[in-house]
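> Listed here are the chains, written in short residue letters.
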Amino acid sequence: MALERTARRRPGKSNFGVKRGAWIFLLPAAAIYLFVVLWPSIQGAGFALTDWNGLNPVKNFIGFDNFVKLFNDQKALTSVWHTLVIAVTITVVQNLVGLLLALGVNTRIKSRNVLRVVLFAPAIITPVATGYLWQNLLGQKGAVNEFLGFLGLPPHTWLGDSNTAIWAICVVIVWQFAGYSMVIFLANLQGISQEVIEASKMDGAGPIRRFWSIIRPELAPSITINLMLSIIGGLKIFDQVWVMTGGGPGGSTETMSTFLYKNAFQFGDFAYGIAIAVVLTVLVAIISAGQFALLGRQNKGD
Amino acid sequence: MERYTWKTGILEVVMIVVAAIFFIPLFVLISTAFKATNDPSGSLQLPANFTFVNFSNAWTEGHLGNALANSATVTVVSVILLIVLSSLAAYPLARVTKRWSKLAFAGFLIGLLLPFQLALIPLYQTMRDLHLLGTVWALILFYVGLQMPFSIFLYTGFLRALPIEYEEAAAIDGSGLFSTFWRVLFPLLRPITGTVAILNVITIWNDFLTPLLYLSGSGQQTVPVALFAFVGQYVSQWNLVFAGLIISIFPILLVYFLLQKTVIQGFASGLKG
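The listed protein sequences correspond, in order, to chains A and B.
For the first sequence, position 191 (counting from the first letter as 1) is numbered 191 according to the working numbering, and the numbering increases by one without interruption.
With the second sequence counted from 1, adding 1000 to any position gets you the working numbering.
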């Protein structure tokens, strides 16, 4: 955002020749974007006000009935709750783990480059694949229970128990994306001037004090980005849940995305599925707007 | 920076242990895929006998060859289109200070907030009416639109920081608008083009929900969907399933390990906005 000020606003017409007619460059991108994203989203919001089942050509306008139904549907409300639980849990845990990893890797240790590559690797693997991998690891005879047996503890079906399934899913997501948070924190950490840190050492500040007073304020940009990415990613979560539990057992891991998918494509209640998508959109928009406002305030503070 | 002291040594050991714990799932994945069905070893142990039979079975049973080809086509075509169209669009957005330019930029940014599930369902109908459902073209069109806001956002930010003198010099030399962009500006955009390419390749290659919907019932599959079907069919034959997982994530892992520095930098820098 700070970049805006540097390049432009030159007096006179010096670059007029370059710019005239440049709007043509915008057309192909804008056309596809309108066709694929904007228009269908508006259409979607409209369909949410009908009783359309997705196949029947007839759709009747029913106003906000789908939303009224949603707010009276215990299953829908639980799916909203599960989505929020997952989003908040991974936002906190994934970023804490990512930050600790970044602080550990951003030191003199000799293995730092190898560690960075290994820790980031899960983030690029297809979530469907990591979902199946963990379904096995967390299964009755999986590696997790094998390890517990080694410690003399009883086995547990982590994904088959409605009390543990949602937390098991959070563990998988944190495992996969902690390295992602780490990489973003790391880029920020490497930009902090060593002189300031050295000076604080001279003044006798211990590592915790140094982190809190010197490093933490400098990390504001990466904290904002990481919070935004993980909370939006958490709200939209589908692949891992769909693969590992399908929303079960007993609906205990049903999220808005899986509930939306089931209604729209398995139960044939298209319009209701879209109404859930609209609620998801509003949730994401509120949180992103809050984050944008926060980001704006921080930039002004610089 | 500080010297390597005994404290650094302890930290080094701790970090290696942590990374090893992170790596255990991938170790189990690899080791299981090389085990025969009757292998007596535990899941945290290496195979008693290494075998490649799971890989050849997974390849033929899972139709992974076809899925890999589809995924590669969709990913490559979409990313090339995204690079060309979003860098072009970013040019007026970054350089023109008129009101329409700012409005258009804001219009694209809205796309960053919309969850794609919302557009996915109505667009399903349009794609069906255009007879694009079940073809890779539906996916390509969708990804180009879906990833456009993010790509434009990255390019515009980068262009705004780029001095305008190059374009002015080219314009004075009498170079036209498009050739100025293509010959002078586009090469200067290389660093951010790398970031745009990497982030889009990984998002598109790994996407599951879109091809699950748009290709369903067509016999065409991308890698995540083929895996989903494959595992559904061979539930609990984990040796076979894991070999399939490895085949399907191999291309993207290979790219990652070959270009790890660029990939990691791409992820880190692209998101600074």
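FYI, nobody ran anything at the bench for these hints, they're computed from the structure.
All of these numbers come straight from a predicted model, not from anything done at the bench.
Don't be surprised by glycine CBs; every beta carbon is placed ideally from N, CA and C.
Some hints could be false.
To be verified - Derived coverage of chain A by chain B (criterion: at least 3 residues anywhere in the stretch with Cβ under 8 Å from a Cβ of chain B; other residues may be distant): (1) 74 to 80; (2) 93 to 107; (3) 128 to 137; (4) 254 to 261; (5) 277 to 286.
To be verified - Ranges between beta-carbon positions, derived for each pair: (6) B/Ser1218 <-> A/Arg108: 39 to 45 Å; (7) B/Trp1100 <-> A/Ile42: 18 to 24 Å; (8) B/Ile1024 <-> A/Val196: 33 to 39 Å.
As the list claims (entries may be wrong) - Partner residues aside, some chain B positions facing chain A, computed with beta carbon under 7 Å: (9) Leu1011; (10) Val1013; (11) Pro1040; (12) Ala1106; (13) Leu1109; (14) Gly1174; (15) Gly1176.
> In this structure, is the beta-carbon distance linking B/Ser1218 and A/Arg108 contained in 39 to 45 Å?
Between B/Ser1218 and A/Arg108, where Cβ atoms are some 55 Å apart, the hint is violated.
> Within 18 to 24 Å: is that where the Cβ-Cβ distance between B/Trp1100 and A/Ile42 falls?
At 20 Å between Cβs, range holds.
> Given B/Gly1176 as an interface hint, is its Cβ closer than 7 Å to any Cβ of chain A?
With Cβ-Cβ at 9 Å, over 7 Å, it is violated.
> Are at least 3 residues of the stretch 74 to 80 of chain A within less than 8 Å of chain B when you compare beta carbons?
It is violated, with 0 qualifying residues against the three required.
> Between the stretch 277 to 286 of chain A and chain B, see if three or more residues pass the 8 Å beta-carbon test, and mark the coverage as holds or violated.
holds (count 6)
> Using C-beta distances, would you say chain B covers the stretch 128 to 137 of chain A, given that this needs three or more residues below 8 Å?
Our answer is that it holds, as 8 residues pass the Cβ test (under 8 Å) against chain B, meeting three.
> If I claimed the Cβ atoms of B/Ile1024 and A/Val196 lie 33 to 39 Å apart, would that claim hold in this structure?
holds, 38 Å
> Mind checking, does the stretch 254 to 261 of chain A have 3 or more residues with a CB under 8 Å from chain B?
With 3 residues in contact (Cβ-Cβ under 8 Å with chain B), the coverage given for the stretch 254 to 261 of chain A holds.
> Taking the closest Cβ pair, is B/Pro1040 under 7 Å from chain A?
Because about 13 Å separates B/Pro1040 from the closest Cβ in chain A, which is outside the 7 Å limit, the hint is violated.
> Regarding the hint that B/Leu1109 lies at the interface with chain A, is the smallest CB-CB distance below 7 Å?
Since chain A brings no Cβ nearer than about 9 Å to B/Leu1109, farther than 7 Å, the hint is violated.
> B/Val1013 was flagged as interface toward chain A. Is the shortest Cβ-Cβ separation under 7 Å?
violated, 9 Å
> How about the stretch 93 to 107 of chain A: do at least three of its residues have a C-beta closer than 8 Å to a C-beta of chain B?
As far as the stretch 93 to 107 of chain A goes, the hint holds, because 4 residues have Cβ atoms under 8 Å from chain B.
In summary, the numbered hints that this structure violates are 1, 6, 10, 11, 12, 13, 14, 15.
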